[in-house]
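Student: Residue numbers (numbering that gives the first Met the number 0), protein chains in the order written: chain A, 0 to 639; chain B, 0 to 145.
These are calculated hints, taken from the structure and not from any lab test. Here the structure is a predicted model, which means the values were calculated and not measured. We put the CB at the ideal spot given by N, CA and C, even for glycine. The reader is advised that the hints may include incorrect statements.
Said to hold, decoys possible - Pulled a few chain A residues facing chain B out of the computed Cβ check, cut under 10 Å:
hint, residue
1, E30
2, I171
3, R175
4, A176
5, V190
6, F194
7, S196
8, F198
9, A201
10, V202
11, F203
12, R274
13, A332
14, V342
Next come the chains, spelled out residue by residue.
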Amino acid sequence: MTELLAIALGILLAYALYIAVQCTRHDPNGESHLLAAASLPTWTYVFAASGIAVSALGIPDHLRLLSFYGFQRNQLVLGLIIVALTGTLFQRRLTIAARIVGARTVGELFGVYYQSTTIRLYLLLLTFLFAVPFAAAALTEAGMLLSATTGHLPVVPSIAAIAIFLFLFSAIGGWRAVIYVTAAFSALLLVLMIFISGFSAAVFDQLAVLSRSGTTQPGGILTDAIPGVIQLVRGVGKEAPQGGLWTTAAAASFAIAAIGIVLSPGFGFLGLTTRTRRGFAFSQVWILAALAAGTLLFLGPIIGAEMVASASSAPTSPGDTSFGPLTGRLARADELVAICLVVMLIVSLLITVGFFTASGASIFTTELVDRYFVPGMIGSERRLAARIALAAICFTATLLACFLPITTAIVSSTTLSLSAQLLPAFLGVCWLRWISRSAVIAGLIVGSLLVIFTEPPGLVLFDRLFVELPWGRWPLTIHSAAWGLPFNLAACLIVSLWTRNDVEHRHRDQLHDIYLRDDWIAFGGRAARGAKWSLPLLWSFFALGPGAILGNTFFSRPIFIDKDASLGVPSLWVWQAIFWIAGVLLVWWLAYRVRLSIVDVSSVRTRTLAGRQWSAGGSLQPKWIEVSLARLARRENIAR
Amino acid sequence: MSDPEMRALDRHSLAMTIWLCCGFVAAACFSYGFGAGGILFVAWGFSVILAGFIAHIIVNAVYDAYFTSRELALGLIAYAVALVSFGLALLLSHDFARRQFLPVSLGLIIVPAVVIFYMIVHFGVRRTFESFDVIRRFSRSNRSAS
């Protein structure tokens, strides 16, 4: 099987290198290496955006947890609808705003809108977290998967091989090649997931997901029911919740963490470098909410259940679950099918690592090197700078993945939650003019602190330095993102009350006045406006919030009759399916009918806002950096 | 990068993506079909290839382009390799000939039939025939050389 796996991965490598070479052949001067000339085709955004959103949640982890927790974990897939809704809310306005001020990255846009270096630095910190620890965690997992499948290849060389593969094609082809390959891998991930599930249904005697209904895992884990609205436990590592971790509070708060993907600097960079913006609505509605969420919702449990059915004994903890037994069972039917499963898992991790390292390199080059260190670089110099940045990121991520996997996992656990704390900043730029710089910074500080102290980094650090904290990870089964965001929003609101009429409001008003003039969105009358904010809330309440608990028995023990109904599938799965359909309709309504994701840039002029205060992409080399660099260059010349 | 170059690159990458996805699934279907899977999976393998071809045609239509000469050459080579492999397998394995002759030969007939059907729809009968009329092309090139 090792040889077959090598051939399969070799095909992926050949494909990626071929695309990279094609891209660089058409761009000999390196003009579009960094930003792809802001002209990525629509189809790449359509596939890549959805693939990144799904892969960043961790497909292997999701399937493993699905095999242990069953349908209560499946509830989290509905969070992808929230991700799509968040994209619907911000992508259009972000594109318009970037066009108006001539920003190339989200950091530049926020920096120039809020006139804040702190917010820029926060975004750069997030870029680093996504590019290094987050990517390193995925790299570790990919290496371990490769090592486990081959059986004799150690983990460190596996990680190094994957990292070299990713670095090569990213460095050769630049941002355009990375997105082409990410889009292709996303499509492959989707196709292989459908194929593996279909193959299992056709070849195995009976689908385990159907025979597993009503069973309870060791440890009292309910596999086809949500274990309550909330559980008053101290958190993971301190006290185990009864019946499983994934209460409705956990599912809803996990969805809040998932929006961190859409709000991440890398994802924003992808949107800003896409050519025509027709793909936004299509990607959000049909690919992410409909196809990706639907595939995971219906096929994920099938693969998860087959993993348990293939194992010799039932897992007693999430750590006991692995892909080994299922791979072995598929290999007994046909080795190439087993390879398809492994390729599917590895590809999902490659998407995460490849996208976040490459976007990190591009953002660092644009926002740090081009702005502060070497202003006014030409195409080939910028390409060299991007390659050096990529090499540094890949090298650091590989070192972390190889030698500090636990530390990496601890640090990367905060990434999505910290990214979700940017919600008020996005609301300010896109919709609410009264959100001020001070309000955003205050909210970020409060929210980030709460995130850190409900995740392992804060807990471990505090325990080691001072005293043991009385709570663990995700207290009350609420994800850290949801611990941070309400307090973040509250702090933001309170500070905005005092600062809404500050001297900067005229500056912020300029952008919002252009929205009103050139990018007016007709929300309709009072009733229509009410429907637009209340329907998503109502959907969230029943699909992910406390109302989802009704799904445990709603279809198996209907409240209208005394008898139990025999559906053949768990009631919760039917509930999830119904709210998935409702969610797709909701995203469609907002994206297409309300036109929240339909971008028409014909009425918006580029760089409408000019002047020193609105100079987004300009270089701003401080004197001390200029002097230090000049001194270094002089020493180098003397040494020669 | 000029706009036509960019469009050509976009189209080519999308076509490659389609074949990457279809290639993996078709290979797995054939592998299982030639083993324990039987006729059904072989048929699925050919169906996936045809689906890939149809998707490629749609991409061509969207980008207002036709198959490039490299793509045509690659397709012809792949088909020729499949034919030769099929012939060798028939000669070398009696079991393969007994179990797989009908489904594979049907598949290998259907694939070019679909291609020719597409060409007739796209070009018309005369131009399709001219595409395969090697003798006339050969004699024309001889005449122009002399």
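Student: If a hint holds in the structure, say so; if it doesn't, say that too.
Tutor: Quick rundown of the hints versus the structure:
1. E30: holds, 8 Å
2. I171: violated, 14 Å
3. R175: At 8 Å from the nearest chain B Cβ, R175 of chain A passes the 10 Å test, so the hint holds.
4. A176: holds, 9 Å
5. V190: For V190 of chain A, the interface hint holds, since the closest Cβ of chain B sits about 4 Å away, which is under 10 Å.
6. F194: Hint holds; F194 of chain A Cβ to chain B Cβ min 5 Å, cut 10 Å.
7. S196: Where the cut-off is 10 Å and the nearest Cβ of chain B is about 12 Å from S196 of chain A, the hint is violated.
8. F198: This interface hint holds because 8 Å falls under the 10 Å limit.
9. A201: holds, 8 Å
10. V202: holds, 8 Å
11. F203: violated, 13 Å
12. R274: holds, 9 Å
13. A332: This interface hint holds because 7 Å falls under the 10 Å limit.
14. V342: holds, 7 Å
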